[in-house]
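Protein chains: 2
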Amino acid sequence: MQNCPSGLNASQKIHIKGRLHDLEVAMREVKLTDSVIDGVNHSNGTINLYDTGGIWSDAAAKADIRKGIPRLRTKWLEKRDDIVRLEAFTSEYARSRMKDKTTENLRFAHHYLPYKAKKGKAITQMALARQGIITPEMEYVAIRENMGHCDNGKTYITPEFVRREVAEGRAVIPSNINHPEAEPMIIGSKFLVKINTNIGNSALGSDIEKEVEKSIYSSLLGGDTLMDLSTGKHIHETREWIIRNCPVPMGSVPIYQALEKVDGVVEALTWELYRDTLIEQCEQGVDYFTIHAGLLKKLIPFATERLTGIVSRGGSIMAKWMQANNAENFLYTHFEDICEILSQYDVAVSLGDGLRPGSIHDANDKAQFGELATLGDLTKIAWANNVQTLIEGPGHIPMNKIKENMDKQQSLCHSAPFYTLGPLTTDIAPGYDHITSAIGAALIGWYGTAMLCYVTPKEHLGLPTKEDVREGVIAYKIAAHAADLAKGHPSAVERDDALSKARFDFRWNDQFNLALDPDRAREYFGESSHGSDFCTMCGPNFCAMRISREISQSEHNKQQ
Amino acid sequence: MQNCPSGLNASQKIHIKGRLHDLEVAMREVKLTDSVIDGVNHSNGTINLYDTGGIWSDAAAKADIRKGIPRLRTKWLEKRDDIVRLEAFTSEYARSRMKDKTTENLRFAHHYLPYKAKKGKAITQMALARQGIITPEMEYVAIRENMGHCDNGKTYITPEFVRREVAEGRAVIPSNINHPEAEPMIIGSKFLVKINTNIGNSALGSDIEKEVEKSIYSSLLGGDTLMDLSTGKHIHETREWIIRNCPVPMGSVPIYQALEKVDGVVEALTWELYRDTLIEQCEQGVDYFTIHAGLLKKLIPFATERLTGIVSRGGSIMAKWMQANNAENFLYTHFEDICEILSQYDVAVSLGDGLRPGSIHDANDKAQFGELATLGDLTKIAWANNVQTLIEGPGHIPMNKIKENMDKQQSLCHSAPFYTLGPLTTDIAPGYDHITSAIGAALIGWYGTAMLCYVTPKEHLGLPTKEDVREGVIAYKIAAHAADLAKGHPSAVERDDALSKARFDFRWNDQFNLALDPDRAREYFGESSHGSDFCTMCGPNFCAMRISREISQSEHNKQQ
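Heads up: the sequence lines are chains Z and E, in that order. Using my numbering, the first residue of the first sequence is number 1, and each one after it goes up by one. Using my numbering, the first residue of the second sequence is number 561, and each one after it goes up by one.
Hints are supplied without guarantee of correctness; some may be wrong.
[What the hints assert, rightly or not] Below, computed lysine-lysine pairings styled on DSS-like, alpha-carbon distance capped at 30 angstroms:
{"#": "1", "chain 1": "E", "residue 1": "K961", "chain 2": "Z", "residue 2": "K403"}
{"#": "2", "chain 1": "Z", "residue 1": "K210", "chain 2": "Z", "residue 2": "K261"}
{"#": "3", "chain 1": "Z", "residue 1": "K487", "chain 2": "E", "residue 2": "K676"}
{"#": "4", "chain 1": "E", "residue 1": "K622", "chain 2": "E", "residue 2": "K678"}
{"#": "5", "chain 1": "Z", "residue 1": "K298", "chain 2": "E", "residue 2": "K1118"}
{"#": "6", "chain 1": "Z", "residue 1": "K487", "chain 2": "Z", "residue 2": "K31"}
{"#": "7", "chain 1": "E", "residue 1": "K926", "chain 2": "Z", "residue 2": "K487"}
{"#": "8", "chain 1": "Z", "residue 1": "K403", "chain 2": "E", "residue 2": "K963"}
{"#": "9", "chain 1": "Z", "residue 1": "K31", "chain 2": "Z", "residue 2": "K79"}
{"#": "10", "chain 1": "E", "residue 1": "K857", "chain 2": "Z", "residue 2": "K558"}
{"#": "11", "chain 1": "E", "residue 1": "K961", "chain 2": "Z", "residue 2": "K401"}
{"#": "12", "chain 1": "E", "residue 1": "K961", "chain 2": "Z", "residue 2": "K190"}
{"#": "13", "chain 1": "Z", "residue 1": "K558", "chain 2": "E", "residue 2": "K926"}
{"#": "14", "chain 1": "Z", "residue 1": "K401", "chain 2": "Z", "residue 2": "K190"}
{"#": "15", "chain 1": "Z", "residue 1": "K233", "chain 2": "Z", "residue 2": "K298"}
{"#": "16", "chain 1": "E", "residue 1": "K627", "chain 2": "E", "residue 2": "K770"}
{"#": "17", "chain 1": "E", "residue 1": "K679", "chain 2": "E", "residue 2": "K1026"}
{"#": "18", "chain 1": "Z", "residue 1": "K210", "chain 2": "Z", "residue 2": "K233"}
{"#": "19", "chain 1": "Z", "residue 1": "K408", "chain 2": "E", "residue 2": "K858"}
{"#": "20", "chain 1": "E", "residue 1": "K676", "chain 2": "E", "residue 2": "K1047"}
{"#": "21", "chain 1": "Z", "residue 1": "K79", "chain 2": "Z", "residue 2": "K101"}
{"#": "22", "chain 1": "E", "residue 1": "K1026", "chain 2": "Z", "residue 2": "K466"}
{"#": "23", "chain 1": "Z", "residue 1": "K403", "chain 2": "E", "residue 2": "K968"}
{"#": "24", "chain 1": "Z", "residue 1": "K401", "chain 2": "E", "residue 2": "K793"}
{"#": "25", "chain 1": "E", "residue 1": "K858", "chain 2": "Z", "residue 2": "K558"}
{"#": "26", "chain 1": "Z", "residue 1": "K403", "chain 2": "E", "residue 2": "K750"}
{"#": "27", "chain 1": "Z", "residue 1": "K403", "chain 2": "E", "residue 2": "K1047"}
{"#": "28", "chain 1": "E", "residue 1": "K963", "chain 2": "Z", "residue 2": "K401"}
{"#": "29", "chain 1": "E", "residue 1": "K1047", "chain 2": "Z", "residue 2": "K401"}
{"#": "30", "chain 1": "E", "residue 1": "K1118", "chain 2": "Z", "residue 2": "K297"}
{"#": "31", "chain 1": "Z", "residue 1": "K366", "chain 2": "E", "residue 2": "K770"}
{"#": "32", "chain 1": "E", "residue 1": "K821", "chain 2": "E", "residue 2": "K1047"}
{"#": "33", "chain 1": "Z", "residue 1": "K487", "chain 2": "E", "residue 2": "K963"}
{"#": "34", "chain 1": "E", "residue 1": "K821", "chain 2": "E", "residue 2": "K857"}
{"#": "35", "chain 1": "E", "residue 1": "K961", "chain 2": "Z", "residue 2": "K487"}
{"#": "36", "chain 1": "Z", "residue 1": "K408", "chain 2": "Z", "residue 2": "K366"}
{"#": "37", "chain 1": "Z", "residue 1": "K297", "chain 2": "Z", "residue 2": "K401"}
{"#": "38", "chain 1": "Z", "residue 1": "K401", "chain 2": "E", "residue 2": "K750"}
Derived by calculation from the structure, the hints in this document are not laboratory data. These figures come from a predicted structure and were not determined experimentally.
Chain Z with its partners taken away, still in its complex shape (with noise of 0.2 angstroms):
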């Protein structure tokens, strides 16, 4: 496997040391050329990019996807005295699969016993922070956040600021103590705006490999995190093989597996075989689960009055089983007992959005809102028990109608992070759904979301091949990047600066390698014709850049 695309082998990863604790945060340092101004050479020095590619962007590095990469959390977590590793996986599922002679060739050769919290002990990034404990991950993620802006005097967070923020619900470490492979990054709105991919295969298509493959292709794009919605066979297996390569948090939704398990039919699920589901999955290393406990019984006549209903699978699946076996949601009558599974392993809740609208019709209805007043009910529950917690979003919404999303979820969710897909703002684009969705997400970015899920050019159409994973992964980069800027991030602006600099005195590699995708930049580029201080879409006559600069020199001149 090729460690990254081309156009990242022109930066490097540096390592910036912590000062409360023995860790080094990775990022990527991009050397720019110099400016030539009268003959003289003008140095633009180096620029530090967030990044999220692990080994998988470190030209330096080797990693094998047979042996999973580096586990960087785990000399960490061996200092801890409130956890224990256990002597065998807790689920009969997971136990089960491991002795299966069926998969023996899918399997994951490498298996690490799991980790747990020690009797009465509360071990979540939540439960440290408002104990007043700055954790590694906290720090980790300061300086990540700042790009290594903190060594140079100039302190815009602080290890102390991201305690405060996790103690108070603002903002989500996912870490599950399983998946000591990711990187500690950080959900809130007061951060850099962050991006979710989606992989997975279903009933009908793709195979391990390549979903490893896109997991890891996403990551190096730019993905903050990973959710793994696989819903064909071997979920057990090739979820393995993700975490043990993912050097980002991987979400799941665990119901998707459980139905599985009983073979699609809805009305079999039971909470018993969920249970087991999430204790499988928390011994695996999924770090945060969405679940879909706020679709009360009582809200499901709202969506049967809808134009398009219920669209969120998870959602669709808890309605028929609430309907089935006329009771309601299990999700929400065992949530206590799911807070206290979760809280064993640091594993975020996600609370889903069962009832989000699927059409610019259906935006903003009492369906919606119904079941966002829940997830606030449900939040307070998961913060009793220290598990971290994060609100998912629509869907589908006309612009006009955010802003009530984002004011809505942050007073009824007493403002935990938002977490949204897209939203689209128009239904009538299929095939380009990745830019009708970018649009609301870089608007509900602005407003205060604190992380956007991705979507692909093929959403409503059919699974995203890798080229679509790359579409979906830049609109959202650039929808993030876009709402970073508008909220006055302190370290967003440099990079925007230092690429138009680069743009205006010709120096295209440097803006090449800048720009979210060198590789595309590049190609383009290189399909005209052009010269060294001009490209094929004014030519040298026209190019304003170059007049530009001349004028520039002449006024100068006059002046001295």
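Following the hints, complete the assembly by docking chain E onto the known chain Z.
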């Protein structure tokens, strides 16, 4: 030449008759298939779509680019007693080109002698509107904006409303009397948001045939107007081919051709040369001119202090001219003369923003807003001459600074329609600037911008290919439609609702036929295996829409 992309064949052209005038407004009608509920068919009727393709999207008609398309408006022009047909072209340059042997083989064969205002007659749509006259063009756009709904008894936009908006300068109907091939359309904040596409060769690329092909293609995809930004050879001949085949209004930047006439030597530009170029293009049929008359000499020092100086081609040319000649911008000093010429053909002026920011860093600075104030003064002069006026806007602007642009433009420019390039909301994504700018375009469209100038993925890198034109047009149709929805334009939401209902019903073909790019949607769907009531995205067991339909059915049965 193929008349229309295959996806459009599923719809048919219909024509709605006017009541005040002898006219037929073309639109596309999509016949929807029935929904089948419990074995009973329920009609979904038809839906009309706004259509910019002219004869090129009419499967029943034939056109030949060597002959040009039908001259729709000639019959209205011939009834007018305020215009006259000239016996020869006025421009010396135009006459010399007609006789030029070297370009004979490139020349469009069918020439029409130009129309011009009779001496002393005020002939523009603005002049007529001010006299209380509802022209055929005004009735045409009223019916077009309503997508035929005025015949259903639900009148949204009346011809009188159109007249008032044009009279007050809040809307523009670009309609050079020498471009009768163009279907009337309106640009104003109270109407559907429009998009402009740019084509044109540069000294380094493309030929006439390719440019004509791109121009037709962009109209078929939904481009509302088209600017020919050619800077290479044979500008005059290329333009003739494009105009004679162009069903939408066409714009140009006359200074580009003027500069070609002096072989790229900026210093050699003169008012007389420019004047002849204006007349040449007025008599050819260009519907609006971008004129950088607001870039005053005193503003240049503000621009040279910037990170990225002047990035407008026209702006940089005029700044260089002023510097070299130590004189005020001749487009400013001769603005009255310019208006007098334009008013005789009803060519609109689009006041160019020569100082638009070319980077996030330079957004909303003194240079930019200084020029905008001058554009406001020039608007009054144009209006005094009955010249319809647009104001061009940025550029690169972070989301949080976009609203200020809109507000300032409306107050400084007396509510003249705003016409913006993007704006791009970040600089860091070369190769994806159709997306960085679609975000800004959607936002500024919602705030009230009347027309959005598209940006292709090749922006900053090279000349767009046909496929780049497609990506750019669709990204901007999305932005414009998202803005229409957010503004609550009465006929906008209908298409979203119809498409979403088709999606929920698994009426795949209806969904594709209602899509902005039916071909793309079909292609992506076709790449995946699927059944009639699910796609590979989720597979049959996890299709939320399928499950949701079962839930609704079950709720419905319960209530009976």
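Results for each hint:
1. E:K961 x Z:K403: 17 angstroms, holds
2. Z:K210 x Z:K261: 23 angstroms, holds
3. Z:K487 x E:K676: Judged against 30 angstroms, a Cα distance of about 53 angstroms means the pair is violated.
4. E:K622 x E:K678: Outside the cut-off at roughly 35 angstroms; violated.
5. Z:K298 x E:K1118: 14 angstroms, holds
6. Z:K487 x Z:K31: 27 angstroms, holds
7. E:K926 x Z:K487: 22 angstroms, holds
8. Z:K403 x E:K963: Status holds; Cα separation ~15 angstroms.
9. Z:K31 x Z:K79: 37 angstroms, violated
10. E:K857 x Z:K558: Given that 30 angstroms is the threshold and the Cα spacing comes to 14 angstroms, the pair holds.
11. E:K961 x Z:K401: 20 angstroms, holds
12. E:K961 x Z:K190: The hint holds at about 20 angstroms.
13. Z:K558 x E:K926: 21 angstroms, holds
14. Z:K401 x Z:K190: 23 angstroms, holds
15. Z:K233 x Z:K298: 34 angstroms, violated
16. E:K627 x E:K770: 17 angstroms, holds
17. E:K679 x E:K1026: Measuring from Cα to Cα gives roughly 44 angstroms; hence the hint is violated.
18. Z:K210 x Z:K233: 14 angstroms, holds
19. Z:K408 x E:K858: Answer violated: K408 (chain Z) to K858 (chain E) is near 49 angstroms, above 30 angstroms.
20. E:K676 x E:K1047: 38 angstroms, violated
21. Z:K79 x Z:K101: At roughly 37 angstroms apart (the allowed maximum being 30 angstroms), K101 (chain Z) and K79 (chain Z) break the hint.
22. E:K1026 x Z:K466: 24 angstroms, holds
23. Z:K403 x E:K968: This hinted pair holds, its Cα atoms lying about 23 angstroms apart.
24. Z:K401 x E:K793: It is violated: about 49 angstroms lies between the C-alpha atoms, which goes past 30 angstroms.
25. E:K858 x Z:K558: Holds, because 14 angstroms separates the two Cα atoms, which is no more than 30 angstroms.
26. Z:K403 x E:K750: 23 angstroms, holds
27. Z:K403 x E:K1047: Judged against 30 angstroms, a Cα distance of about 14 angstroms means the pair holds.
28. E:K963 x Z:K401: 17 angstroms, holds
29. E:K1047 x Z:K401: 11 angstroms, holds
30. E:K1118 x Z:K297: 14 angstroms, holds
31. Z:K366 x E:K770: Violated, because 52 angstroms separates the two Cα atoms, which is more than 30 angstroms.
32. E:K821 x E:K1047: Given pair K821 (chain E), K1047 (chain E) is violated - Cα atoms ~44 angstroms apart, limit 30 angstroms.
33. Z:K487 x E:K963: This hinted pair holds, its Cα atoms lying about 14 angstroms apart.
34. E:K821 x E:K857: Roughly 24 angstroms between the alpha carbons, so the hint for K821 (chain E) and K857 (chain E) holds.
35. E:K961 x Z:K487: 11 angstroms, holds
36. Z:K408 x Z:K366: Roughly 13 angstroms separates the two Cα atoms, so the pair holds.
37. Z:K297 x Z:K401: Holds - the C-alpha atoms of K401 (chain Z) and K297 (chain Z) are around 26 angstroms apart, at most 30 angstroms.
38. Z:K401 x E:K750: Measuring from Cα to Cα gives roughly 20 angstroms; hence the hint holds.
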